[in-house]
Amino acid sequence: MRTKLLTWILWGLVIILLFFLPKLVNLYYLSLFLGFVIYSLYAVTLNLLLGYMGVLSFGHAMFFGTGAYTVALLLKHIQGIPLLPTILLGGLAAGLLAVILSPLLVRVSGTAFAMLTLAFSQLIFVAALKFREVTGGEDGIGLASLPPLKLLGLFSVDMNDKINFYYFAIIFVALCLFLLWFYTKTPFGSLIVGVRDNALRMDYLGFNLSHIRAINLIVSGTFAGLAGATHGMLMKLVSTVGVLDIGTCFKPLMMAYIGGVGSFFGPILGSGILHILEDVVIRFTDRIGLVNGTIFVLVVLFAPQGLIGLFNTVKAKWFQKEKVS
Amino acid sequence: MSPTTVLYVAQALHGLAYGMLLFLIASGLTLIFGMMGILNIAHASFAMLAAYFCFTALKLTGNFWAALVIAPVIAGFVGVLTERFLLRPVHKHGHLAELLITVGIMTLILELVKYFWGTESLVVKIPQSLSGLVKVAGLTYPVYRLFVIGISVLILGFMALILFKTRLGKIVQAAVSDTEMVSALGINTPMVFMLVFGIGIWLAGVAGAVAGPLLTVFPGMADQLGMDAFVVVVVGGFGSLLGAFIVALFLGELNAYGIQFIPRLAPVLMFAFMALVLAFKPMGLFGERE
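One line per chain: the protein sequences are A and B, in this order.
Under the numbering used here, the first residue of the first sequence is numbered 1, with each subsequent residue one higher.
Under the numbering used here, the first residue of the second sequence is numbered 1, with each subsequent residue one higher.
Extracted from the complex, chain A is given alone in its bound form (with noise of 0.2 Å):
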């Protein structure tokens, strides 16, 4: 009883530093936490098939992307798009990637689930640049403004405004994640980490297994996309070196594993490292590909089930100790 009252004290003190965080920091600093916050749902949705599923997408870049060039293209060439709908299609044209996807994908696992996620992106990646009248190339495309919020049609909020947008994007991804988290929760979200467990005896009960690792893909996909869709709204630019590229591919599957994959909010916690990483290592050098490589490959060699998992062991451990003595 009592940790679950602090649970939701320390739930609502998130809340409320949330809530105050544009008057605490600069702008410099609200866009660095809406980066830290859209890679973590990003690196939630990858998760979703790495640490649930047991599969590893190393295209997941793919999905990310197809979403921001949704919401890039939507918003040049219809004028007047409203910005939910145009955030919603991004996902959905993600969503729609992984089903056209998910028959051949379902069908593998291992490497060569790996190898084929990272050939479907690279596909992408190459027809993004090369493809230039449609997609801008390796510039891009520029986001000009964006669209005001219009709620019920009782009130509309200016979305260029950086405040504002803080306020949209935390509540959309908060959203997101909460979603993600209760799908998790839900007895479907057993049966992913059953088929990744035990696969013959989930076909022995009868379930089927293609159908299950085909929705688990869509929804990744599909939330993925908007995390894309939301990035690109963030950054007013959505070029392929950004959001399509190997390195966008990297970055969520070091989130998720120097975090820990075997928990719900390893990724989140390895999105914050990262990001915090970043703004401290850059006063010092510029070469912070140097830095999250090392500890990559550290937390890789020594703790394979992320920080999450090493607290757990090391808590473990001490509490055991105690009982002992």
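Please keep in mind that the hints were generated in silico from the structure rather than gathered at the bench.
Misleading hints may appear alongside valid ones.
[Stated by the list, open to error] Taking lysine-lysine and the DSS-like style, the derived pairs with C-alpha atoms no more than 27 Å apart in a straight line are:
hint, chain 1, residue 1, chain 2, residue 2
1, A, Lys4, A, Lys185
2, B, Lys59, B, Lys125
3, A, Lys317, B, Lys92
4, A, Lys236, A, Lys76
5, A, Lys236, A, Lys23
6, B, Lys281, A, Lys315
Just so it is clear, the structure is predicted and the values come from calculations on it, not from any experiment.
With chain A fixed as given, assemble chain B onto it according to the hints.
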């Protein structure tokens, strides 16, 4: 020969040169995958590392031939150390961890290369004896590209002899098909793994060092070579040498003619070809095992 034929032949030779380089890289990649089950994402990074070693060795010794021999050997040695101290410890955590650590190694190599050599393109000068042009039946062709084809064929022939005619080759072939059985027969498989990994990296290193003067040496080299070699291994079939050979040559030609006739679509064509193959055969053209 008429000018058009000359053009076609020249492009075919270009394609052959690039295809052979790709196969040098992809053969190591596919052998390592077949034996250890690791798809070494950092494979082309080692090729790039060898190209940089070659550049520095050339600067220090002033002798292209010495640099060409030294650089891949050092790269191979780095590869052996990597296998021993980074890959082997994570082996117990499964294939995903092994795959991920190669991603980490790729990042580290890229960053270290940028740190030591900077981000500009470096030009490797080829010696006088290789820099000329040859004229055969109206076709003018750079000697260096012929040299690339020659050295690739030489090394691959040599490797094929080792693989198919020696005891070591038999062990490697056996380990590709059933590692546990080989190790049960009393063969030190971790040692064989280390050796094969080193040789695979050495092959990639040769390709990287030789490719240096063709592509110039720059930090994006690993991405370019790596992606192409990756397509070769995926399309050819995981762990299949024959598949890798056929697809490497095919991709080399596709690249050469693609750049000639549809320059914008050539890279897209390559990946579209891969998507097409995978849609029907997820394990690649000649692959059988998962």
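Outcome of the hint check:
At most 27 Å may separate the alpha-carbon atoms for a hinted pair to count; A:Lys4 and A:Lys185 meet this at roughly 18 Å. Restraint check for B:Lys59 and B:Lys125: the C-alpha separation of about 10 Å stays at or below 27 Å, so the hint holds. Pair hint A:Lys317 plus B:Lys92 holds up; C-alpha atoms about 22 Å apart against a cutoff of 27 Å. Of the supplied pair hints, the one linking A:Lys236 and A:Lys76 holds, its CA atoms being roughly 12 Å apart against a limit of 27 Å.
Of the pairs offered as hints, the one joining A:Lys236 and A:Lys23 holds, with about 23 Å between alpha carbons and a cut-off of 27 Å not exceeded. The hinted pair formed by B:Lys281 and A:Lys315 fails the criterion: a straight-line CA distance of about 47 Å is larger than 27 Å.
In this structure, only the earlier hint numbered 6 is contradicted, and the remaining ones agree with it.
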